[in-house]
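Chemist: As a plain string of letters, each chain reads:
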Amino acid sequence: MSAVDTGTRTRDVLGASALRPDGIAKVQGTFQFSSDLGGDGVLWGATLRSPHPHARIIRIDVSPAWKIAGVESVITADDVPGQMTYGLIDQDQPVFASDVVRFVGEPIAAVAADHPETCRRALAAIVVEYEVLEPVLDPEAVVAGTAPAIHPNGNVLRHQRILHGDPSVTGDIVVEATYDIGMQDQAFLGLEAALAIPDPGGGGVELHIATQWLHEDRKQIADCLGMAPEQVRLVLAGVGGAFGAREDISLQVHTCLLALRLGRPVRMHYSRAESFLGHVHRHPATIWMRHHATAAGEIVKVEARFVFDGGAYASTSSAVLLNAITHTQGPYRCPNAVVDGWAVRTNHLPCGAMRGFGVVQACFAHESQLDKLAEACGLDPVEIRVRNVMHTGDRMITGQVMQNVAPIERCLRETAALPFPDEPVGGHDGDVMRLPGGAGRTADVGHVYRGIGYAAAMKNLMYSEGFDDYSTARCRLADGVVTLKFATAEVGQGFVTLAPQIARDVLGVDEVVLDRIDTGVGSAGSSSASRQTWMSGGAVNAACIAVRDRLFEHVAARHGVEAASLRIDGIEIVDESGALRLSVADASAGVEFDETREYHHPPTEDLDENGQGNCHTAFAFVAHRAVVDVDPDLGLVKVVQVATAQDVGRVLNPLSVVGQVEGGIAQGLGLAVMEEIVQIDGRIRNASFTDYLLPTMLDMPPVVMSFVEEPEPLAPLGAKGVGEPPTISSTPAIVAAIRDALRQAGREPRLDRVPVRPIDIIGVHERPRT
Amino acid sequence: MTVLVPTSLDEAIAGLAANGGATLLAGGTDLMVEVNEGHRHFPWPDDGATIIALHRVPELATWTYDVPAATVVLGAGVTWATIEQPPLRDLVPALAEAARTVGSPQIRNAGTVGGNLATCSPAGDGLPVLAALDADVTLLSAGGRRTMPVRDFMLGVKRTALQPGELIESITVPVLQGWQGYSKVGVRNAMVIATASACVATDVPSRSIRIALGSVAPTVVRCPVAEQFAVERVDWDALTVDAGDAVEFGRLAAAASRPIDDHRSSAEYRRHAVAVMAQRLLQRAFPGGER
Ligand SMILES: Cc1cc2nc3c(=O)[nH]c(=O)nc-3n(C[C@H](O)[C@H](O)[C@H](O)COP(=O)(O)OP(=O)(O)OC[C@H]3O[C@@H](n4cnc5c(N)ncnc54)[C@H](O)[C@@H]3O)c2cc1C
Numbered sequence: 001m002s003a004v005d006t007g008t009r010t011r012d013v014l015g016a017s018a019l020r021p022d023g024i025a026k027v028q029g030t031f032q033f034s035s036d037l038g039g040d041g042v043l044w045g046a047t048l049r050s051p052h053p054h055a056r057i058i059r060i061d062v063s064p065a066w067k068i069a070g071v072e073s074v075i076t077a078d079d080v081p082g083q084m085t086y087g088l089i090d091q092d093q094p095v096f097a098s099d100v101v102r103f104v105g106e107p108i109a110a111v112a113a114d115h116p117e118t119c120r121r122a123l124a125a126i127v128v129e130y131e132v133l134e135p136v137l138d139p140e141a142v143v144a145g146t147a148p149a150i151h152p153n154g155n156v157l158r159h160q161r162i163l164h165g166d167p168s169v170t171g172d173i174v175v176e177a178t179y180d181i182g183m184q185d186q187a188f189l190g191l192e193a194a195l196a197i198p199d200p201g202g203g204g205v206e207l208h209i210a211t212q213w214l215h216e217d218r219k220q221i222a223d224c225l226g227m228a229p230e231q232v233r234l235v236l237a238g239v240g241g242a243f244g245a246r247e248d249i250s251l252q253v254h255t256c257l258l259a260l261r262l263g264r265p266v267r268m269h270y271s272r273a274e275s276f277l278g279h280v281h282r283h284p285a286t287i288w289m290r291h292h293a294t295a296a297g298e299i300v301k302v303e304a305r306f307v308f309d310g311g312a313y314a315s316t317s318s319a320v321l322l323n324a325i326t327h328t329q330g331p332y333r334c335p336n337a338v339v340d341g342w343a344v345r346t347n348h349l350p351c352g353a354m355r356g357f358g359v360v361q362a363c364f365a366h367e368s369q370l371d372k373l374a375e376a377c378g379l380d381p382v383e384i385r386v387r388n389v390m391h392t393g394d395r396m397i398t399g400q401v402m403q404n405v406a407p408i409e410r411c412l413r414e415t416a417a418l419p420f421p422d423e424p425v426g427g428h429d430g431d432v433m434r435l436p437g438g439a440g441r442t443a444d445v446g447h448v449y450r451g452i453g454y455a456a457a458m459k460n461l462m463y464s465e466g467f468d469d470y471s472t473a474r475c476r477l478a479d480g481v482v483t484l485k486f487a488t489a490e491v492g493q494g495f496v497t498l499a500p501q502i503a504r505d506v507l508g509v510d511e512v513v514l515d516r517i518d519t520g521v522g523s524a525g526s527s528s529a530s531r532q533t534w535m536s537g538g539a540v541n542a543a544c545i546a547v548r549d550r551l552f553e554h555v556a557a558r559h560g561v562e563a564a565s566l567r568i569d570g571i572e573i574v575d576e577s578g579a580l581r582l583s584v585a586d587a588s589a590g591v592e593f594d595e596t597r598e599y600h601h602p603p604t605e606d607l608d609e610n611g612q613g614n615c616h617t618a619f620a621f622v623a624h625r626a627v628v629d630v631d632p633d634l635g636l637v638k639v640v641q642v643a644t645a646q647d648v649g650r651v652l653n654p655l656s657v658v659g660q661v662e663g664g665i666a667q668g669l670g671l672a673v674m675e676e677i678v679q680i681d682g683r684i685r686n687a688s689f690t691d692y693l694l695p696t697m698l699d700m701p702p703v704v705m706s707f708v709e710e711p712e713p714l715a716p717l718g719a720k721g722v723g724e725p726p727t728i729s730s731t732p733a734i735v736a737a738i739r740d741a742l743r744q745a746g747r748e749p750r751l752d753r754v755p756v757r758p759i760d761i762i763g764v765h766e767r768p769r770t
Numbered sequence: 001m002t003v004l005v006p007t008s009l010d011e012a013i014a015g016l017a018a019n020g021g022a023t024l025l026a027g028g029t030d031l032m033v034e035v036n037e038g039h040r041h042f043p044w045p046d047d048g049a050t051i052i053a054l055h056r057v058p059e060l061a062t063w064t065y066d067v068p069a070a071t072v073v074l075g076a077g078v079t080w081a082t083i084e085q086p087p088l089r090d091l092v093p094a095l096a097e098a099a100r101t102v103g104s105p106q107i108r109n110a111g112t113v114g115g116n117l118a119t120c121s122p123a124g125d126g127l128p129v130l131a132a133l134d135a136d137v138t139l140l141s142a143g144g145r146r147t148m149p150v151r152d153f154m155l156g157v158k159r160t161a162l163q164p165g166e167l168i169e170s171i172t173v174p175v176l177q178g179w180q181g182y183s184k185v186g187v188r189n190a191m192v193i194a195t196a197s198a199c200v201a202t203d204v205p206s207r208s209i210r211i212a213l214g215s216v217a218p219t220v221v222r223c224p225v226a227e228q229f230a231v232e233r234v235d236w237d238a239l240t241v242d243a244g245d246a247v248e249f250g251r252l253a254a255a256a257s258r259p260i261d262d263h264r265s266s267a268e269y270r271r272h273a274v275a276v277m278a279q280r281l282l283q284r285a286f287p288g289g290e291r
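Quick mapping for you: the protein sequence lines, in order, are chains F and U. Under my numbering, the first sequence has 538 at position 538, and the numbering climbs by one with no breaks. Under my numbering, the second sequence has 223 at position 223, and the numbering climbs by one with no breaks.
Keep in mind that the hints were calculated from the coordinates and are not lab data. Here the structure is a predicted model, which is why all the values come from computation and not from measurement. Among the hints, erroneous ones may be present.
As the list claims (entries may be wrong) - If you want a taste of the chain U side facing chain F, the calculated C-beta under 8 Å gives, among others:
{"no.": "1", "residue": "E37"}
{"no.": "2", "residue": "E97"}
{"no.": "3", "residue": "K184"}
{"no.": "4", "residue": "V187"}
{"no.": "5", "residue": "N189"}
Beta carbons are placed, not taken as given, at the ideal position from N, Cα and C, and that holds for glycine.
Isolated chain U (complex conformation) (with noise of 0.2 Å):
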């Protein structure tokens, strides 16, 4: 097994394009999991296997907040570490908050935006935070560079818009005007894989409300007939939102969800769990209304 360690992303790019079937390895946190299950076996002792490790690469490890385009870009290898703290926490609150449920402290120290996008589990926290907020993924290789949404790089269950050669270099994220937050049930109060997680995003200027669901679909789910309606209920100028507006909100976001049953939980209780945070996190966005 051949491990690169590249020092700039001249290098990972020129170590990706030679090597076809090149692994990537950022924090490890996902990838050193399904070594360790035996999801992923590397051939031993010497098959011809090579590891690309990226986190000597300091243009991802990077981010910058490019206050015209009101946007924060992520380097693919921004830690959850990073993302919980301020200033990004106050730019990106919701995602924060996503990044603050990630694992444990050590997990959050490795485990980076990118290699949470890139494994594209529907239970990854940052992706329906990057779903509502409409974040764009730049994705580079020695044939070049190409841009799309975060909504179309994800295709399904551990599967993505990558292409063999490719990395994803960053993530672009719009810095919104309004609260946004997100909310993740677990059967623990800490270090546990969502069940069902919800982001509700708002842009007050545009009177936008995004909602996407996590670990009720294959993919994260956007709820556009929820935002639909939330848009049209909530009382702009006073920032407030109906109680009963608010319940019917969750129930329109739990009929986008297509939660099922496995040994976590039941699709009852996921498309339950929906309604219920959905509700609550537009309640948070909107607090003026009555409960």
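One chain only, chain F, in its complex shape (with noise of 0.2 Å):
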């Protein structure tokens, strides 16, 4: 159930719940997913990967790959013809390994046969003698500077502090604890898939890529197959869902250079296994916060200690770990702050991007802290809140000032307003399938304790630190047809639904065409930080306005009016003085106009060596409420409800913003409860969907929300970004309501880190820490 009225629609534009271009595809499974690329005469390609965490690579040899039939080629780092390394920020990661493997699952080599078993019979041929090393597995190891570089970069991916206002203040009231927060994984359905076609003559090669960012994929491809990024034309295939997963090179440039070399198309799939080892996760963090409080809880300082486990390569966790140590104080004002952020290099698998991007980390900490001092002050964890809520004007703990409409006092009584679950435990009829366990059956009513937990946090959107991320959009009206033309990728967040909303609204036209998704356009950044409603919607939104002026100006030039005098209304043109009434469609006949446009957000600076810097460009909010219930002898848990009031700016599709406020807190209830990949001695353990598991109907609960609209001034349409914030804050609610149920049950419950585990509840003793 939901609170918000998704409407009736009558025409789509900006505030009608537009439906997907793709949905009814995508339901009757036509849609067409880049793993369902392929064609006649194309290979397959396939990748020999590491198994151990670090070992000298002493020998290959691929020739036995080579003597089976079916066998078109083998490609190892010798034959890479550009750079030996890609990375988003750093460029530290081999194409394929050559000298040193740094973790389990490391490309080593690629092949391209005829078949999958012939790729899988070439993989197993080729021969790699191995001088094992021993990991680096402890984060604090690094820390410590006690462990040998697994990298010539060094193992300190990024050490930054934070020093704000008077380190030597103190409060009242004092709370700490180090929390722990385990690695969890994008775990998007459509797995990692490629086909890739060289061009006659082997000029240059089309990709047709499941990915988030079109051209940064282009200029890090390009670069290992030493061609000019013009060279390399990049196609959106179908993406069955990102979530950060796809914003790091994965397949890429393994099937292009299959391709090149054999001159054929060649198509690569991960399986759910390989697609584990395949791409970055969310870092493991190990946070310890301290709070300083007056004694009627007001937070007068903070510290913290953040170690982020980066595993083997860099990827984006210097960005990750910026965005979490400047989120520390979470949308609370905090006039004082001593914060310290390390992430480092081990031989765990690497980490980089993932939906909420080091606030999650982050979040669970400071919201853990805000209920330790509710406790301690005798509040209720909604007061706490509120008393200490972050206004627009505040000034953060990295000194920049707060710009952007900041209504987080409105999220969290909004949220605290919302309507509890009417059925008691277990449903009205005692359903022991609704009660924790479920299907497990494990459970009576009596054995269940219920409980509710509160939680905020606030969410930077966009890039950060200097970072100019902007976005291009093309928009050609012609004879009442709109098409648009973006490389904005889309990743389920429904850009293909608003891009054409927008034009709607701007241009009064109904018939609006999405060229296709390719690098024939500019660049739009990246589909991740919450960015791209803003930044495409900024870019689409100014590329129709432009083609509307000219439209204007051709209408006043041939009616003998002030263009300035025009206006849209519905589908038609009038004038100020109403003598003017002409639809857009006979306005336009005849005539093209097109016209391009970048959207630059405002720019943001480095942080220096005390953290201080005006490193973000907007914030959104967001308040979540969980109620759970718990059975606290088995440790298992059935989460209600959850209710959330989100800072969104402004609606404009509001079924797409339900999609992504439900989506987000099914990935934020995953983390709470059981989402994890678990590493033993560096290897991984639950790479499938039997022990990597995620909610299902059953754990799933309701949502109940409301959007709170506050229209954004800096933002081209009023609305902010709402794909993280509900993964964000939902987790440490969710922990927050398993505490309350626990202590209902005369327990003391720690619960310090996620996911929670059974054995957490009940108080067995954790396993030692890995």
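Once you've looked at the hints, go ahead and assemble the two chains, each given alone in its own frame, into the complex.
Modeler: Shown next, in the form of structure tokens:
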């Protein structure tokens, strides 16, 4: 059930719940995902991966693979014509390992053959001799400087502190704890897949790929292929979810290399097990926080230490760490801060972007702390938060002033006011399926306690630290039909729904055609950081306005009126006097206007050595309330309801926002109670959906929501990004509710790590940390 | 690769006799996972492997209720979807509860009780119930038919008494008179592998109480000490049990388990969960006592 009215639609303009253009195809199974690409004569590619977390490669002998009938190509690092390494920020990750492997799953060679089974045999035939090395698996050893360097660039990916205000200030009330966050996987359903088609003559290549940022991929691919970017054309293939895991290069370079060597199209698909090795994950983190507050519960200082395990390669670790430490305070005022943050290299799986990007980890810590403060001050969890909320104009711990709308108090109050579930534990009929344990029938109603928890979050929008992550869009109006072109990766967030809504709104047309999403237009930046509605929405809006201006000039000239007096009214153009009224279709008959625009957000800057600087563009806010039923004796939970009020600026498509909110909460729930990649001795133990558990229908509760609409003056459409906030504070809200339930059962819950495991709830000792 | 699709039991047996190393395929929900994960390879393109698909064999897909013998005879190919519904649900409720915990509706539509038994995973949900109910399994080959207790059929982790050339024809499950039920702990509310499970079955006329545990040893564990204790402590006239006795029953059941630490759970948690489940199951069976 949703408190949001997704309404009836007349025209699919902004504000209407326009339906996804690909929705029916996806539901019916006819949508072409990247893994559906192929065709006759397309070869299959596959990747040989390291079985060791850390080893020296003594020898690679690919000759046995060549002898297998059907094998067309076998490539290693020796076959990389351009740059040998890639990376989003630091180019520290080899296309193929040649001297050292640094994580289980690191690519060493790739083959192309006539059939996946031939590929499997070819990979098995390749001989790699290793000298196994001691892996570096303890991030604290890296911080302490006692671990040997496992990469020429060293093991510290970033060390950044924040010093703000007076570090000597103390509070009447002090609470502290150390929190652990496990490694979450994006677990998109559409596995990595690509199809590379070489140009005749080998002068270039076209790659069909499910990705988040076509132009960034292109740059990195071209560098490794030793080509100019223009020689590499990328086309967005059907994306089955991304959540950050498609920001880094995975199979792009390998597929292109094979295709170019062979002069034949090659496709590559990862399996689920391989996917767990082939993309970056959410950083596991250890976060210590100490909050100082007045007796009345006003925060006066926060101290914190963050250690993020970046795994073997840099990816976006430095930016993730920045996000984490700059969100130490959460959506609360905090005049003084001492924060120390580390992102380090280990021989674990590489980590990088995932929905929430560092803020998820920080939020679990600061929200757990706020609950501790509430308890120490004798306040309820909503009250402690409301007393500390940030407002527009407040200075953050980076010294940056909050410029944008900041309705966090409304988010908290509206969340608290949303209706509670009207059913008791197990529902009115005590259905065992609805109790913790679900289908396992482990509990009876009498074994179960219900708890309530609150949490809130602040999330930066767009890229930070001086990065100009602009977006480009092209709008063409001809004979009443608008064609939009952009390179914005549609990863499920709904930009393909939104862009036509913008065009209809601005131009008064109904028919909007979307051109293919490819590198045939300027960059759109990444579909991440909750940024595309703001950034690509801004670009589409600007391009449409540019076309509208030309249309108005054209109409003005024809009808002898002032262009400035014209405006769009529905599907018509009218002038101020009301004398002129004609349809956009008629007005644009026989003419064509074609405009391309870039949208840039206001510039940001780097942090200085004390972590001071205007490093972020803007922020969104959210609050969550969770109601959870807990079986304290078995340590099992059933989330009964999540309520949320989210700062969205302006709702451009209610149905789309509902989708983001519910999906984000599902992902937050997953981190709260089940989703974790388990690595033991540097080896992943649960690289399958049998053991990497995602929430099912029986785990995901109804969501009640309210949209806090305070249009954002800084945003081109008044709308803030809505993709990440749902994931961020839903996790701590659920954990807080579990703690609350346990307290009612007379237990003393700590629950300072996520995901919360049954052993954490019942208090059986944890397994030793690995 | 050759795929045989027999349409009678005789045809299936003949195919099996002619192809000693043939792989049997029922619902494929275990077998195909092994293939997908690379644990089982079928030589390709054609090295003479034979698959015998059993889903068209009507004898395997049916079940009968033998009223005089008070048994249900399940063809090996009976699916979980059939078992979780009436009338089977009313005859063997614990097996139906176990069936309901298997995977998702799609998996239960395809997966079979015979496949579950043949796979003989420590976490197989049908197995504790079959062990608690003292079910027998009937194996068939060109050489003939043999029947043995399910408990003897299960030899170890994914090891059974099935010989080459044999298939599971049926499973004979006694219909008891008394409460029976199944509980399974996993870290998700549905579609999850058991980290520990337990079945308690009672037969009031014979004053018998059985408990079998899953996922806490290489194969299913019966707990004779706990069973004996419960038989002695239950008030058979009032059909109640003391709360303290239920706790002790759980403790004795846990003592019979031999769990391991793995990436799914710790041995300690598994032992604890077994104790809690056993206690609660006994209280469901004899609900009159105080909690
Ligand atoms: C997503 C998913 C979720 C699952 N969840 C569960 C769960 O919760 N609980 C659970 O217990 N299992 C679960 N399973 C495993 C599986 O569904 C069950 O074990 C099922 O009962 C297997 O039956 P099947 O007919 O599909 O067997 P198949 O895969 O067809 O066969 C399994 C094995 O049995 C052999 N075999 C099949 N029939 C016979 C026969 N008549 N005689 C001799 N040998 C035979 C096959 O050769 C093979 O070795 C799950 C599987 C999946 C894919």
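Chemist: Would the hint on K184(U) stand, with a C-beta cut-off of 8 Å toward chain F?
Modeler: 4 Å, holds
Chemist: Holds or violated: is the Cβ of E37(U) closer than 8 Å to a Cβ in chain F?
Modeler: This interface hint holds because 7 Å falls under the 8 Å limit.
Chemist: For the hint on V187(U), just tell me whether its beta-carbon gets within less than 8 Å of chain F.
Modeler: 5 Å, holds
Chemist: Does the interface hint hold: is E97(U) within less than 8 Å of chain F, judged Cβ to Cβ?
Modeler: 6 Å, holds
Chemist: With 8 Å as the cut and Cβ atoms as the points, is N189(U) at the interface with chain F?
Modeler: Since the shortest Cβ distance to chain F is 3 Å, the answer is holds.
Of the numbered hints listed earlier, not one is contradicted by the structure.
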